[in-house]
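Colleague: Listed below are the residues making up each chain.
Number of protein chains: 2
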Amino acid sequence: MPKYTDAMARVYPFAYSHSAAPMHRRELLGGHGADLAEMASVLELSVPPGFTITTDTGGEYLENGWPEGLDAEVAAAVVQIEEQVGQRLGDPHDPLLVSVRSGGKFPTPGMGGTVLNLGLNDASVEGLAARTGDAVFAYDTYRRFLSRYARIVCDLEGEEGEVGLVTVAETRSADDAPGESVEALKRQCGRYQAWIAEKTGRPVPPEPERQLRESIEALFRSGGGARAVAYRDRERIPPHPGTAVNVQAMVFGNRSHRSGAGVGFTRNAVTGADEPCGTFLFNAPGEDVVARISTTDPLDALARAFPDLYGELGQVFARLEKHYQDMCEVEFTIEQGKLWILQTRVGERTGAAALRMAVEMTTHEEKGWSITRAEAVKRITPDHLDGVLHAQFAAHHQPVIATGVGASPGAAVGRAYFSADAAVDAADRGEPVILVRKETTPEDVHGMQVAEGVITTSGGMASHAAVVARGWGIPAVVGASSLTITENGFSVGAITVGEGDVISLDGASGEIVLGAMTVEAAEPPAAFATLLGWADDLRRGRLSVRANADTATDAARARTFGAEGIGLCRTEHMFLAEDRLPILREIILAANPAAELAALERLRVAQKADFLEILTAMDGLPITVRLLDPPLHEFFPPRADLLVKQATEGLTPEEKDLLDAAEALDEQNPMLGTRGVRLGVLHPGLYGMQVRALVEAVLERRTGGFSPVVELMIPLTVTAEELILARSWVGEAIVASVGPGGEAPEISVGTMIETPRAALRASELAEQADFFSIGTNDLTQMTFGFSRDDVEGRLMPAYLAQGLLPGNPFTTIDFDGVGELVAMATERGRAANPALRVGVCGEHGGDPESIAFFVAAGVDYVSCSPFRVPIARLAAAQAIMMQSDSTSRRDSETLR
Amino acid sequence: MPKYTDAMARVYPFAYSHSAAPMHRRELLGGHGADLAEMASVLELSVPPGFTITTDTGGEYLENGWPEGLDAEVAAAVVQIEEQVGQRLGDPHDPLLVSVRSGGKFPTPGMGGTVLNLGLNDASVEGLAARTGDAVFAYDTYRRFLSRYARIVCDLEGEEGEVGLVTVAETRSADDAPGESVEALKRQCGRYQAWIAEKTGRPVPPEPERQLRESIEALFRSGGGARAVAYRDRERIPPHPGTAVNVQAMVFGNRSHRSGAGVGFTRNAVTGADEPCGTFLFNAPGEDVVARISTTDPLDALARAFPDLYGELGQVFARLEKHYQDMCEVEFTIEQGKLWILQTRVGERTGAAALRMAVEMTTHEEKGWSITRAEAVKRITPDHLDGVLHAQFAAHHQPVIATGVGASPGAAVGRAYFSADAAVDAADRGEPVILVRKETTPEDVHGMQVAEGVITTSGGMASHAAVVARGWGIPAVVGASSLTITENGFSVGAITVGEGDVISLDGASGEIVLGAMTVEAAEPPAAFATLLGWADDLRRGRLSVRANADTATDAARARTFGAEGIGLCRTEHMFLAEDRLPILREIILAANPAAELAALERLRVAQKADFLEILTAMDGLPITVRLLDPPLHEFFPPRADLLVKQATEGLTPEEKDLLDAAEALDEQNPMLGTRGVRLGVLHPGLYGMQVRALVEAVLERRTGGFSPVVELMIPLTVTAEELILARSWVGEAIVASVGPGGEAPEISVGTMIETPRAALRASELAEQADFFSIGTNDLTQMTFGFSRDDVEGRLMPAYLAQGLLPGNPFTTIDFDGVGELVAMATERGRAANPALRVGVCGEHGGDPESIAFFVAAGVDYVSCSPFRVPIARLAAAQAIMMQSDSTSRRDSETLR
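So the sequences go chain by chain: A and B.
Per the working numbering, residue 9 is the first one in the first sequence, and the count goes up by one each step.
Per the working numbering, residue 9 is the first one in the second sequence, and the count goes up by one each step.
Chain A on its own, in the form it takes in the complex (with noise of 0.2 Å):
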């Protein structure tokens, strides 16, 4: 055996004996071949002999070509192989057959692949023919390693079936049907040999050392690819230009009826249960088991056929999940009686199930589990989160008739309704209703309401649709451009969808079908309570999250999950309500300020009302009331709707009002226009009337024994003078609501710091509020310019496909530019007042990235959609343990 050092050598057999574990070292030996030695060489199990070549030689490759001695080294390797197996790559009368197969730190799809059955020539095949009796088994087998090595060495993937010749698992198909000859799969390895020679200019080599340094070298290429490269970029992983690879013997699961090849889950993969699961083929090699060419069958039949093996196999199962203390996924060949494992991994899992596994893998010492509960709460993922809460579609039956974003997870069924005023009137019929439209606006909120889901044919992720949506829990799916809304119906393709026609929606994968799905509805299990309630634990004291709810329903939605407050209840929507718009409307319109006090007047009582609601469902928790925000015109029809009907039927007195106001309201640019405090210093006493509003609610619970803790959030504010004007409002309209001798409820004031400027300035806003919340949303259109209802549709795609932003920066912040705002603010404003608090609201509270960043920018709580809490939850606790690892790492580095 030659001599390696662990810091010098290139290649290491599976069976080395590293100084770590070698599952540990996936830097060096990428994830795959980390498995195998840790499976051949600390478990010992079964594992056919290889090799793997390491990272660094495959970057190596990549910089200065093949490196020296590495034939040498591959050589000896093989000879290591060779000797196991007793058998010799090249032997004409009995080859040694190995695979080469690529494998980086990470799974990364676009790296490599493998190539199977190395080392047949049209001489070896002969001698396999011959030493198994089996010529149909040598043919295919030989048809098998030229078809890999044409795609992968040859780069001629997806090529096969335009000249003749068909994948490997149409080949397949046919092959079921017994009687295939020999002579028909001979001249099929004869065409793909003309096939490759014509193509690449050189026939396949017959020497096999030639084979496999080519196969080498194709999958140490394939890791500097442009698929490979794209895929880290996006997914964020530091680029490692080189990527192991693995030679290893070949077993064959289609050498006899007690043969076969399967992937097993070590528990149940669904449900979490402590029962092993998985899918087995007899018979058959194990490509086409991963490929799911046939129809597999469950693990069962395994042990009704082969108990013995079946047994053996559950004792590997045992093993392997101890010693990488988690469900494992075990792919594992038979080969006539003989039980070898290929591979292991840590298998993925449903949100069920990844829930109730690491609950009880913390809870069941006796059986060998050693996981802290912070490393339960490490293994959950946002998806894990989103599966449980949301319903999903059963099963797919009837056809998918178009696919948009799915912009809030869950699934729906209903009838279909093309304006809100007709979806309504369908809900009071005791309709479920999907409301379709082109796009949302403020003025189809009272059909979102009644709605089961929601469907819009433009905007994206942060179009109004999504939004509201989200907030809500109601399933959407925005952005479906195949759709064409008609006038009285959607049309897609030949398909046409009208009024009440019933039609079904998956909010997580954007699929539209038309008719009635089976849905499954969200069911969190008994795991999800204990898991989050350890997550609190972690994050209790670092970061707080809260909810953006503006009605007591979805605050005592978010109470359920887990909210520690309203970090966000904005006023807006409470005048949307039918009965409401027209008193806005008059304060707007109002010909003299009495005439708009008693509007005002008239909407404080309705105001009032919406409070006491939301104070309750809150109570003993904080609520971070904004002031009215939305630029003015929202609240009116929009102005081409009049023209055109001013122009054609004409208007009514009323409605001629209204187009004065709409024209009078109308902005170019209404994102960067009159709202948010801009509002409140244009007509002072709208701000006034809220406040009074809040207060009286206050009081009134007070007196009712609650325990009511308010905070007041003045939007979009610039300067230090309109905070300072904004407090002097509220301080009068305390002291009118309190009446003399009344004692004032505390109440403290914050701002929104949403735009640069107020970022820039957060030290001089900072003497003027109690609390900072920071509008990233908005930060992040102002700062890139990008008006998230106009870029998300076309601009943003065409962004992310051409690499020029690194991911939306409405969905994850973007860390250097509004990141750096984000920091910025909540640093200046501390060091001006040490007591302020910093939250941050918008879609980012719920981004476990975002939330990552924001438990590093020093931020006291996020507030997010009442749907992302428990998300928002479990992410800052994986953030703060994180940022602590990182920290202890850093300390132990400077102790040494």
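Mixed in with the good hints there might be a few duds.
The list cannot tell twin chains apart, which means a pair is met if one copy fits it or any two copies do.
Claimed, not checked - Heads up, simulated DSS-like pairs for lysine-lysine below, C-alpha to C-alpha not over 25 Å straight-line: (1) 653 to 446; (2) 653 to 664; (3) 386 to 446; (4) 194 to 346; (5) 653 to 207; (6) 346 to 386; (7) 330 to 386.
To be clear, the hints were calculated from the coordinates, so they are not data collected in a lab.
Could you slot chain B onto chain A? The hints should help.
Modeller: For chain B alone, kept in the frame of chain A given last:
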């Protein structure tokens, strides 16, 4: 005489021997007191004796009330006056009368005023009558005292008319009619006294000491008044809480026919000629001259009537002018043949006079002038230059029918037209045209091009109409909201103006006049070029001045005004010509790439012709060409118009296509939508076409013996990746233009910095850029979240009026917020790329205060509209001097 020390005294006699020239002690004495002291103590002119109570004392009063010991100091100073005049305050037979006048460091409206003739009461008025033998004089003097006392001490401003009393002005007119009886004057005095007693609850105090103290207190208080504070805020005068107060013996110009009062300038304040000028009023008090109550005589009248006094005055003028080294404005009174100098200050002047005097005073050393060229440059203000660059109304005869925002200086007369097409037709007929619109859009540009002047009824200083008009030097009044646009004209009050009616406008004052006004043509005097040449000497090497110019005409004009290149050549206007708009629309509507390419090709040819002309006009100087920037829907008719037409007359197939495009391109916030480099990303051929057109023009001009220097600018970048991509288009287009083997012209490539993110990420952008051009207009919009189109009309005035902003940030850069981003972009960009050139384009590039900021931030050049170039040259020189002044002051302080 009491012992005062400079450091401690609260009261200084005018004749006090200060340790430094009193004219430089304005901080302590106020401007008025400093000049009086200079004249009395240094020049020893015949100034009526008096004293100044310091500004510090005024501040002390505002903080802690009447200072202990001040009464005694005032009493002692009064004694000094009494001794010099030979009269005693309160003497019933021959009372000393004094004036009491406030005066801060800077002249400040709303701050104080003057109480005249203080020292009279019901007894001493009789003494005055007896001593002068003129009871009418005595009671008129008493009445004037009471009127001032009511206004200034009792704060009864403007209420005299209401109670049957009349203002001084009206009294005087009555007085002009001879024969007003003593009895009538006495009755009027009585009514004043009764009114004051009724209003304030107490009578006018008869004791002169009390009158004096009350007057001083009232003037102290006025320095803390709201109006004065608001004024100082607006003008950025550092807050100084205290005002000084001057007490001075009265002299009377209304004592005989060898008496009178006047205001003179030591030279002609209109032309700058070396000849005194001014006005004089025989036998009248000074206050009537200042109030310009009667028709005054020119100063020559004094020369003719009393050559001796005129000669004496001339000597005083000469001494003052030499002493102040500048033209002075002088108030004087002649009392019974004795000349008294009451006040002097450096006088206001027209632009032409300012330039002439500044230049002459450096070049006439033999005449006693010692000012340097640098000092001459410091004396010129931007308004002085504006005054000689733009035509103005000669005089106002016709009434002003409306006043809007003066958005582009200059006067214009022409016939009113209400659409761009009608304007073009009229101009084709040879008529001078005034284009009147609600607002303008790029669709109106052809109408603006032919107009003498532009009026809009909405929008502000940064509206489309204002920006375009300033760029082209067309006089414009915008936001004239009192005009109501009707079907075929406009109305304002009872006046209606129809198509073709003659109107005039003054784009500096914002005035609109019915009929044709006489207009004085703009003709910069010889001194204009001389002085700006000196400014250039001071500026060179520190800050270059370029112009924003899109056409050869603009470029040529800019060059005449001294631009050192084009800092911003927008290419969008090149697409708006009637023959090009359809081609651009074709590109956008193109059904297939071939059609798009064909249209691009046609546009390339047209655009090359534009570039050829500009290259000729700017030969040898750099031209920064910005690739297409605006959202594409600007090139389509408004969506609402098409919708209305569709609903009424119906659309042609072509119009239907336009509507589809308008719908598809419609954006909710176009400012934050698909524009700038984003257009290039979605239509990659567009930028390539522009670059090819430019490169071909460069090659052609170079062949023709010219020296074209061009720079290419990528608009609206937010990431380095965009810039890398855009540079690749530029590189490809250059190669394509030059052809194989051709020598590529050197074209530097830079980027606009106009989003906050670009400023934050300046270092990575700088690695890809040869230069930055900071677009402060858009940067201001996004940093504040202010859409200038939307906020300038209603919101900005409210913000300024309520002190929420120190000034309009679109006029002068917001130092604290946007300014930090400008400095950050410059600093980070230079750190990453030391060769980086940094410029500023946008309105701020022509604003003097902003230019001073840019000089401090280390910017290399500014670019502004051609008409602002002279102002920018001047402002840059002044800013550089100010910076080096403060540096050398800091240095010398360090040395101490």
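Colleague: Take the hints in turn and mark each one as holding or not.
Modeller: A quick look at each hint next to the structure:
| no. | hint | result |
| --- | --- | --- |
| 1 | 653 to 446 | both (20 Å within a copy, 22 Å between copies) |
| 2 | 653 to 664 | both (10 Å within a copy, 19 Å between copies) |
| 3 | 386 to 446 | neither (41 Å within a copy, 62 Å between copies) |
| 4 | 194 to 346 | neither (29 Å within a copy, 133 Å between copies) |
| 5 | 653 to 207 | neither (66 Å within a copy, 60 Å between copies) |
| 6 | 346 to 386 | neither (38 Å within a copy, 99 Å between copies) |
| 7 | 330 to 386 | within (18 Å within a copy, 85 Å between copies) |
Going through the hint list in order, the structure does not satisfy hints 3, 4, 5, 6.
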